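2 protein chains.
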Amino acid sequence: MAEGATGRRSRITPEREAELYAAVLDLLREVGYDSLTMDAVAARTRSSKATLYRQWGGKAELVVGAMRHGKPVRLDAIDTGTLRTDLHALVTREDDCVMEQNSALMRALAMAMHTNPDLRQAFREQLIEPEMAEFRGLLQRAVDRGEIRADCPALDFVVHMLAGGFAVRTLIEGQPPTQAFLHSYIDAVVLPALGVPTS
Amino acid sequence: MAEGATGRRSRITPEREAELYAAVLDLLREVGYDSLTMDAVAARTRSSKATLYRQWGGKAELVVGAMRHGKPVRLDAIDTGTLRTDLHALVTREDDCVMEQNSALMRALAMAMHTNPDLRQAFREQLIEPEMAEFRGLLQRAVDRGEIRADCPALDFVVHMLAGGFAVRTLIEGQPPTQAFLHSYIDAVVLPALGVPTS
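Respectively, the protein sequence lines represent chains A and B. Heads up, the first sequence is in this note's numbering, so the first residue is 1 and it goes up one at a time. Heads up, the second sequence is in this note's numbering, so the first residue is 200 and it goes up one at a time.
Hints should not be assumed to be uniformly reliable.
[As the list claims (entries may be wrong)] Have a look at the derived ranges for each label pair, beta carbon to beta carbon:
id	chain 1	residue 1	chain 2	residue 2	range
1	B	Thr-279	A	Arg-149	23 to 31 Å
2	A	Asp-96	B	Thr-212	44 to 52 Å
3	B	Ala-349	A	Asp-96	28 to 36 Å
4	A	Thr-85	B	Arg-243	53 to 61 Å
5	A	Thr-37	B	Thr-279	34 to 42 Å
[Unchecked claim] In silico negatives: residues of chain A with every beta carbon more than 12 Å from chain B:
id	residue
6	Tyr-21
7	Asp-39
8	Asp-86
9	Gln-179
Derived from the structure by calculation, the hints contain no laboratory data. Predicted, not measured: the structure shown is a model, and the values here were computed from it. We treat Cβ as the ideally placed atom computed from N, Cα and C, and that holds for glycine.
Work the whole structure out from these sequences, hints included.
Below, the structure is given as structure tokens:
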């Protein structure tokens, strides 16, 4: 098969790609990032290591690709007409059960990132930066609608606020927040900080 | 020496306790929580394991005791007269360099907590809950002064907001926030969410 417009990814079908990514996430849950080897991915998915390296370049890129592929709804698909309903939709992209699974994965990856600069870079470039760009779009629409003042200083910190909602309960109670908790948090913290009335 | 009013801690001097705690933190940085053994602590500090167990009960309590002992200023010593200056003082308890060292320790412990329920419990009981009680006192004084409305919904989430300020930069950039960043964050996010004017 010739390389097409989508680059090196064009060599495998979307179905095969989904299968590979699912296997990578399973392995990650089983052994963690540091013990995950390309050999194990190749064996589990019956592919050759050469194929894996050709398609993804390396373990970090493969793992981050799998994380990104698992996201159920793209952020830029959220456009409900108000900031409040957009933010509520954002935190209900994943149901509580999926959120708990992903939280465990993210925890393991967060730890691995501190000792693997290549994982941190892939994570930032392939996952954080694209999501941040989409998220800035969501906020800009609220500014354009006149919901948030363009010079509101909290605009630079919306991700920090939301992350705090996730992190504290995860850290102290050992489990991620529920959707109900996150909705309360958005109404009590994020919208007031942005100067947006909640009712 | 008889056990006094302070309970089992009375058996050793404060200087000796400080020495033991410093050794525990050094070992934690060197080998991490899971590989830290009471044998290693005993060897490093030239004490007997029996003494360590008698004084602290176990590894989790010893490690959390050492973390708590390292805190430079108790939260309830902060009472500057306004919420804004209290919060700014809160995040400047540790200078940027100490913050970076502690951040690395906290990261390692946060990970260990997920697989060690006894560590999570000791951390919550000996460190989080006492600090939270002191922090609620700080917020209550702001309510009493009329700075925050008593029914402000963001009052329940101040710790979450602050934690978000710490977590995002740590996670994405691999280093903790600077004091300057945290001061901006408090002014842009925490005070507006609480309905407190920042100037």
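What hint numbers does the structure not satisfy?
5
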